[in-house]
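Chemist: Since each chain comes alone in its own frame, lean on the hints to assemble the complex.
For the protein sequence lines, the chains are C and E, in the order given.
One point on numbering: in my numbering, the residue at position 77 of the first sequence is 77, and numbering is uninterrupted.
So the number in my numbering is just where the residue sits in the second sequence, counting from 1, plus 1000.
Keep in mind the hints are simulated off the structure, nothing from the lab.
Ideal placement from N, C-alpha and C gives every residue a C-beta, glycine not left out.
Warning: the hint list may mix true and false statements.
Label pairs and their in silico Cβ distance ranges [said to hold, decoys possible]:
| # | chain 1 | residue 1 | chain 2 | residue 2 | range |
| --- | --- | --- | --- | --- | --- |
| 1 | C | 148 | E | 1106 | 52 to 62 angstroms |
| 2 | C | 41 | E | 1135 | 56 to 66 angstroms |
| 3 | E | 1155 | C | 67 | 23 to 33 angstroms |
| 4 | C | 121 | E | 1238 | 22 to 32 angstroms |
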Amino acid sequence: MGGDLSRAPSGKAPTFLVGALKDPIGANLDRVQIVKGWLDAKGELHEKVYDVAWSGARKPGADGRLPSVGSTVDLSTATWTNTIGAAELVTVWKDPDFDAGERAFYYARVIEIPTPRWTAYDVVRLGVTPLPGTAMTLTERAYSSPIWYTP
Amino acid sequence: MNARRLAGEPLLHFLLLGAALFGLHRWVSAPAREPASEIVVSRGRIDNLKQTFTQTWQRAPTESELEGLVEDHIRDEALYREAVALGLDRDDTVVRRRLRQKLEFLFEDPSLAGEPTEPELERYLEENAAEYRVESRLSFSQVFLDPGKRGPELEADAARLLAELRAQPDGADPVSGGDSLMLSPRYENASASELVRLFGAEFETALRGAPVGEWFGPVTSGYGAHLVRVESREAERTPELAEVRDAVARDLEARRRQEGLDAQYQALRERYLIRVERADP
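This is chain E alone, in the form it adopts within the complex (with noise of 0.2 angstroms):
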């Protein structure tokens, strides 16, 4: 056999077209790459998956449970990976938010979080002393008169009702003489904003300028008349340092971290060259 007719044999032809496919396909479906990079599951990070299902659980896990964290914690880490890989975190709103908040906890100075002085404290009042005022308050009785009963009687009935109550001697029970009214007929100590969410403004206002001790009257609340003693009154006042102490300290803690977090993120800023694309007007 010479190689001219072994050149011309259809069989050697078959097999070496066959064994370039066979190559080809062996060079294009070859694995695309090797293992990208190690996932290592540390005895540490074990331990902490075990504590975090005890705390989760109360109880330890067992080890058919531990397994499937420890498969739970790769697949974490793989997807974490390629999606990092892939640009997945990025011009993510949740993302940004949470990396933004995780970077703003470092930024908080433990050195800041001392306790105020007493000095601090004192002035931080005094600066915001209208965030602290104590509403006024007032103690006072009431006789009601409806004006659905009385009808055009009604301030005559005042003028009279209120000529008794003065002349009677104290202790005696003012109720009588008025009209039936679901709340109550003494009230002790009611704030201002109690009043107005009880009678309304109107009423709270008119009692501003009531005489302490002696009946007044009548006074217009959205249900009627009232014929009303007062009792006490309690300024609206500032209160003592002592008396708000806890707010104010923390209130004065608040706006110092703020602060903080606004210092650190001005010294940050600078550090960029910031440039802002307008629409032209």
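Isolated chain C, as found in the complex (with noise of 0.2 angstroms):
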């Protein structure tokens, strides 16, 4: 997994094609989004991370921010349901600020929709009663090994 990119011919963007499936036993997926980390001029380190792919009909706001995929968590039994959510996320993305003289690396990062962090099974089963401002729930996620590009 993961590879090297070099010599990109001008006016060319990298295209990546990133696909994710759900595990038959898991939470479905909320999103796939491509972090990507770049050395400027200055030899400053940046990182941005992009939403690629998201399930349903969510479209980013003013900011370019995807809405939250909501929760189905319920704490109160510490179950989850997969009606949100999708089992599969498959895309084509091109990065849009590309700097062909730049130093970047890109990953991909898939995240699933909320689930009942263990904190939130331990107070079912065990009627134990959490500390104020523990996380009840969590998501999980999944990273791929990085490409680099290197000019």
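Modeler: Right, here's the structure in full:
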């Protein structure tokens, strides 16, 4: 997995095909993101996260951020349902901010819909009261190996 | 000079006291003991050291390397003897485990290592059939319907598509009409555990009752709904001995070895009077 790109032809940007299939016994998928990091001329590292594929008919807001997928987690029983999200997300994405002179890396990140965290299971099974501020849900995620662009 | 005067002479006192002290010092600081025992590095041992070195480095040791090996061996031997003399080998888990292992290795009766006979293998397979079960295998085609895309129409779409698929001639492309999924539209000889891993347990269970050679469904998986045509099914079965001969022979031999060890241990144990001092309840 992963890979290397170099010497981009002028005026062209790298294009990525990304596909993710959920775990058949796991939660549905919320979105696929591509994380890009690049070194600018001053040697400073930047990172940007692009939402590239998502479930349902959501549209990014004015600030470019994709609305949340929502949550089906029921904390009273520590369960969730696969009624939101998608079983599979596939797309082709082209880097809109590509600079052929800058070193960069890209990797994909796939995010599940929210599911109960272990703390939520503990509350239901053991009847304990969590400490204030305890996170009760989480979004499981998977990462790909990076693809490196070296001019 | 008479004896009286001599007895009062301080120089004499000094010499006598000095001699006494010197004698005491000699007696106290004399070497505690002679070398306790000999360490003999025999020619056979040296050959053995050479051989071990050659095996590791793929060449014979040089003169100085050999000297080092012998020196190291002597050091080893001396420290070993001292350690045993101090009783450091007692109550040491690692040493005990190693000794137990060595003795058990000696236990293994070579006569048991003989090849098991055919009837013995047959009987072992029969008695332990569950361990050698061959999983059921399924070849099938599937068309996926995505609940995220179809929403409430899913059931109606499934029924319509099922009718279309049933009406179409054999060999037609079944994928058209379904939704995309990264799984294959056709699986050949997929085992039950493979199905569970790919589609989820619910799907595998539902397909057990599916008819052969006919479109069937919708079947629910971890992804959504599927229409499925089972092309062939191989039921779960106990294999013939010929198929699993090596595994059966290996397991039977392992069992015999264990039984041999147990029997020899039991015989050994009977030579001891064992008393366990349990805490009072």
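Chemist: Determine for every hint whether it applies to the structure shown.
Modeler: Hint check:
{"no.": "1", "hint": "148(C) x 1106(E): 52 to 62 angstroms", "result": "58 angstroms, holds"}
{"no.": "2", "hint": "41(C) x 1135(E): 56 to 66 angstroms", "result": "60 angstroms, holds"}
{"no.": "3", "hint": "1155(E) x 67(C): 23 to 33 angstroms", "result": "29 angstroms, holds"}
{"no.": "4", "hint": "121(C) x 1238(E): 22 to 32 angstroms", "result": "40 angstroms, violated"}
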